[in-house]
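Asks: One-letter residues, chain by chain:
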Amino acid sequence: MKTDTDVLIAGGGLNGPALALALAGAGLTVTVVDAQPARARADAAFDGRAYALAIASKRLLEAVGLWSGLADKVQPMTAVKASDGRPGEGPSPFFLDFQSAELEEGPVGYMLEDRHLYAAFLEAMQANPRITHIPATSVIAQEPLAAGIAVILSDGQTLTARLLVGADGRRSGVAERAGITRSGWGYGQTALVAAIAHERPHGGVAQQFFMPSGPLAILPLTGNRSSIVWSEADEAAKTIAALDDAAFLEVLRPRFGDFLGAISLCGPRFMYPLNLTLANAYTAPRIALIGDAAHGVHPIAGQGLNLGLRDVAALAEVLAEAKRRGEDIGAADVLERYQQWRRFDSTTLALGMDSVNRLFSNDNPLLRAGRDLGMGVVQAIPALRRGFMRQAAGLSAGPFGKLPRLLAGRPL
Amino acid sequence: MTAASPNTVDPAEVAKFEAMAAEWWDPNGKFRPLHLMNPCRLDYITRQIAAEFGRDLTSEAPFAGLRLLDIGCGGGLLAEPMARLGATVVGADAAPRNIPVAQLHAEQSGLQIDYRHTTAEALAAAGEQFDVVLNMEVVEHVASPLDYLTACRQLLKPGGLMVCSTLNRNAKSFMMAIVGAEWVMRWLPKGTHDWAKFITPDELYGLLRQAGLDPVDRQGMVFNPLGWSWSLSPRDLSVNYVTTSVKRA
Numbered sequence: 001m002k003t004d005t006d007v008l009i010a011g012g013g014l015n016g017p018a019l020a021l022a023l024a025g026a027g028l029t030v031t032v033v034d035a036q037p038a039r040a041r042a043d044a045a046f047d048g049r050a051y052a053l054a055i056a057s058k059r060l061l062e063a064v065g066l067w068s069g070l071a072d073k074v075q076p077m078t079a080v081k082a083s084d085g086r087p088g089e090g091p092s093p094f095f096l097d098f099q100s101a102e103l104e105e106g107p108v109g110y111m112l113e114d115r116h117l118y119a120a121f122l123e124a125m126q127a128n129p130r131i132t133h134i135p136a137t138s139v140i141a142q143e144p145l146a147a148g149i150a151v152i153l154s155d156g157q158t159l160t161a162r163l164l165v166g167a168d169g170r171r172s173g174v175a176e177r178a179g180i181t182r183s184g185w186g187y188g189q190t191a192l193v194a195a196i197a198h199e200r201p202h203g204g205v206a207q208q209f210f211m212p213s214g215p216l217a218i219l220p221l222t223g224n225r226s227s228i229v230w231s232e233a234d235e236a237a238k239t240i241a242a243l244d245d246a247a248f249l250e251v252l253r254p255r256f257g258d259f260l261g262a263i264s265l266c267g268p269r270f271m272y273p274l275n276l277t278l279a280n281a282y283t284a285p286r287i288a289l290i291g292d293a294a295h296g297v298h299p300i301a302g303q304g305l306n307l308g309l310r311d312v313a314a315l316a317e318v319l320a321e322a323k324r325r326g327e328d329i330g331a332a333d334v335l336e337r338y339q340q341w342r343r344f345d346s347t348t349l350a351l352g353m354d355s356v357n358r359l360f361s362n363d364n365p366l367l368r369a370g371r372d373l374g375m376g377v378v379q380a381i382p383a384l385r386r387g388f389m390r391q392a393a394g395l396s397a398g399p400f401g402k403l404p405r406l407l408a409g410r411p412l
Numbered sequence: 001m002t003a004a005s006p007n008t009v010d011p012a013e014v015a016k017f018e019a020m021a022a023e024w025w026d027p028n029g030k031f032r033p034l035h036l037m038n039p040c041r042l043d044y045i046t047r048q049i050a051a052e053f054g055r056d057l058t059s060e061a062p063f064a065g066l067r068l069l070d071i072g073c074g075g076g077l078l079a080e081p082m083a084r085l086g087a088t089v090v091g092a093d094a095a096p097r098n099i100p101v102a103q104l105h106a107e108q109s110g111l112q113i114d115y116r117h118t119t120a121e122a123l124a125a126a127g128e129q130f131d132v133v134l135n136m137e138v139v140e141h142v143a144s145p146l147d148y149l150t151a152c153r154q155l156l157k158p159g160g161l162m163v164c165s166t167l168n169r170n171a172k173s174f175m176m177a178i179v180g181a182e183w184v185m186r187w188l189p190k191g192t193h194d195w196a197k198f199i200t201p202d203e204l205y206g207l208l209r210q211a212g213l214d215p216v217d218r219q220g221m222v223f224n225p226l227g228w229s230w231s232l233s234p235r236d237l238s239v240n241y242v243t244t245s246v247k248r249a
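Chains as they are written, first to last, in my numbering: chain A, 1 to 412; chain B, 1 to 249.
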């Protein structure tokens, strides 16, 4: 059968467009079906959302041709400081201090606002002749065929593709319709996200305070601004979210500390209940899952998008290789290569972040002493510290010892 | 083999594969080992063809204009990728039951492939000519390798290229291909291979030259049990290996 497009991607957030660009670069035709309307372009006002991009993610954006247009909009992170603390007491004397000089590859990561990243993806997709972007439309049904898959869209049209990719988030309809079940649990925690303006420059340093009720991350944005990801127990978070801006800041101040001088809000506040949801399979006949559809993780350390882009890099490489060999890109054995490559890596990372959060979101004095000591030990051993950093930066290969080409900044 | 029988196919071998024909396209079925090995074989074949004929594998239909014969095509595991890359493909198999299986699957895939129940010798006798002949894991199953390879040479146009893979004959290949693959892993039915018919790389180079071909490359195909995948190795030809030869213009 001849299909309308090689790959149909359900989901136009960030992973979907990244995959579309990578696949189009490898000569495949791609249709991106996005349930959301195409948002306003680069002139949109800052809406408070931002991402911490690992080095490997930056390389992928370079490889798909997006980085040069974003380079003047990012805030490099020169160091990450992690410390244990209790409100009013300040950080403990033991803290982890990751300096980018130890990575020998420039900054440890980059902060980038959603409005810039999304606009860059949208523009690049619209400029690419191999990509068809269908906004404000969703996939409502799918049916695998012998040599492809038929997909029905909410506007009534039917499209056929060799492969359907579910990039449709942690409540993935693609996965659900394919009968892929999920495992996971809630954390009883909710993340409060906001952008903060402060008096003094952050110097590019990201801070992670591990508080008994949950971590507070302070991530440097351009100028004297930072993005905070503040996790609290569900009930407390609800109470804090209901406060007006002035009262919100009053509760934040003792946690945030005064190291950046006076603070104020500079954008809307968001609230995300934290949960872990792992798809029990990453593939089904003619279907592959990427990003949160495959693994919705705790957003600690900003690994959600970075993990998704690792899926993008691996799937794009598997499909590009299959195309060069003349293989059917949606065949079960091709998809199995993607699943094998990604599944172990993302599950261990998801569970790793889960246990870090459980360890640190705790006021047990023994645990507190233990993790203070642990952080002191990690801090004292440069090799261990560099290992932690390389893993977080996405620079170390997965358990199969093969880093996807795009994450190493190489073309497919 | 008598002069009256120009067919070098061993009937007992053909019957064994016929029994397995319907399973060809199940990646987790009886042909799982072939499916696992296929990416490695395709990497080798596509790169050799691209190098010989100056084609760019990242372009659309890089093999357009090339006439290609896949001998022992089975269910079409190699023929379909070659057609997808733009080649005009003839798939030949001595087992009649493979032909409808392969035809049906090619139709489902939207590919035009000329599958025929025939042999290399019959095609050569009919004067058929090809730019590329794929001769993968066949030579260890034929009654007379030299007669068979001579027929393959006749099928090539001057300047044409043949890729030929088989199994080495040594203690390790006996352990891996017979004891391992057939007896322990049950990847292949017992008796799929006759170890005594395996051919060493030097023997194969000798046979290819005797048949009038010019061998130009050989590489090992090595199974990695950790990654559960195959890869090419220029050094380790101890079990599975693949060769390229050309018919000088």
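These are computed hints drawn from the structure, not numbers from a lab. Honestly, I wouldn't trust all of these hints.
Unchecked claim - Result set (EDC-like, lysine to aspartate or glutamate): computed pairs, CA atoms no more than 16 Å apart in a straight line:
id, chain 1, residue 1, chain 2, residue 2
1, A, K2, B, E107
2, A, K2, A, D328
3, B, K30, B, E52
4, A, K402, A, E321
5, A, K73, A, E62
6, B, K30, A, D333
What the hints assert, rightly or not - To give an idea of the chain A side of the interface with chain B (calculated C-beta under 10 Å), a few residues:
id, residue
7, G27
8, L70
9, K73
10, E327
11, A332
12, R337
Said to hold, decoys possible - Facing chain A, according to a computed beta carbon distance under 10 Å, are these residues of chain B, among others:
id, residue
13, H35
14, N38
15, D43
16, F53
17, L57
18, S59
19, P62
20, R84
21, L85
22, A87
23, A196
24, I199
25, L207
26, V246
A virtual CB, placed ideally from N, CA and C, is assigned to each residue, including glycine.
Asks: All hints are to be evaluated individually against the structure, with a verdict given for each.
Replies: Checked hints:
As the CA atoms of A:K2 and B:E107 are separated by approximately 11 Å, the hinted pair is consistent with the 16 Å bound. Taking the CA atoms of A:K2 and A:D328, the gap is about 12 Å. The hint holds against a cut of 16 Å. Distance hint between B:K30 and B:E52 is unfulfilled; the C-alpha atoms sit about 34 Å from each other, more than 16 Å. About 15 Å separates the Cα atoms of A:K402 and A:E321, which keeps this hinted pair within 16 Å; it holds.
Between the alpha carbons of A:K73 and A:E62 the distance comes to roughly 14 Å, so the proposed pair stays at or under 16 Å and holds. Straight-line distance between C-alpha atoms of B:K30 and A:D333 comes to about 14 Å, which keeps the hinted pair within the 16 Å bound. Below 10 Å, beta-carbon pairs count as interface contacts, and A:G27 has one with chain B at about 6 Å; its hint therefore holds. Below 10 Å, beta-carbon pairs count as interface contacts, and A:L70 has none with chain B, the closest being about 26 Å; its hint is therefore violated.
A distance limit of 10 Å between C-beta atoms decides the matter here; for A:K73 the minimum to chain B is near 32 Å, and the interface restraint is violated. A least Cβ separation of about 6 Å between A:E327 and chain B falls short of the 10 Å threshold, and the interface hint therefore holds. With a cut of 10 Å, the hint placing A:A332 at the interface with chain B holds, because the nearest CB-to-CB distance is about 5 Å. With a least beta-carbon distance of about 8 Å to chain B, the hint placing A:R337 at the interface is held under the 10 Å criterion.
Nearest Cβ of chain A to the Cβ of B:H35: about 5 Å, under the 10 Å cut. The hint holds. The restraint placing B:N38 at the interface with chain A holds, with a minimum CB-CB distance near 8 Å, inside the 10 Å limit. Interface hint at B:D43: satisfied, since its Cβ lies 6 Å from the closest Cβ of chain A, which is below the 10 Å cut-off. Because the beta carbon of B:F53 sits about 15 Å from the nearest beta carbon in chain A, more than 10 Å, this interface hint is broken.
Interface restraint check: B:L57 against chain A, minimum CB-CB distance 5 Å, threshold 10 Å, status holds. With a least beta-carbon distance of about 8 Å to chain A, the hint placing B:S59 at the interface is held under the 10 Å criterion. A distance limit of 10 Å between C-beta atoms decides the matter here; for B:P62 the minimum to chain A is near 9 Å, and the interface restraint holds. At a threshold of 10 Å, the smallest CB-CB gap from B:R84 to chain A is about 4 Å, leaving the interface hint in force.
The closest approach between the C-beta of B:L85 and any C-beta of chain A is roughly 4 Å, which is under the 10 Å cut-off, so the hint is satisfied. Taking 10 Å as the C-beta contact cut-off toward chain A, the hint placing B:A87 at the interface holds, the least distance being around 9 Å. Taking 10 Å as the C-beta contact cut-off toward chain A, the hint placing B:A196 at the interface is violated, the least distance being around 32 Å. Taking 10 Å as the C-beta contact cut-off toward chain A, the hint placing B:I199 at the interface is violated, the least distance being around 26 Å.
Below 10 Å, beta-carbon pairs count as interface contacts, and B:L207 has none with chain A, the closest being about 28 Å; its hint is therefore violated. Contact between B:V246 and chain A, as hinted, is not supported at the beta carbon level, the nearest pair being about 22 Å apart and thus beyond 10 Å.
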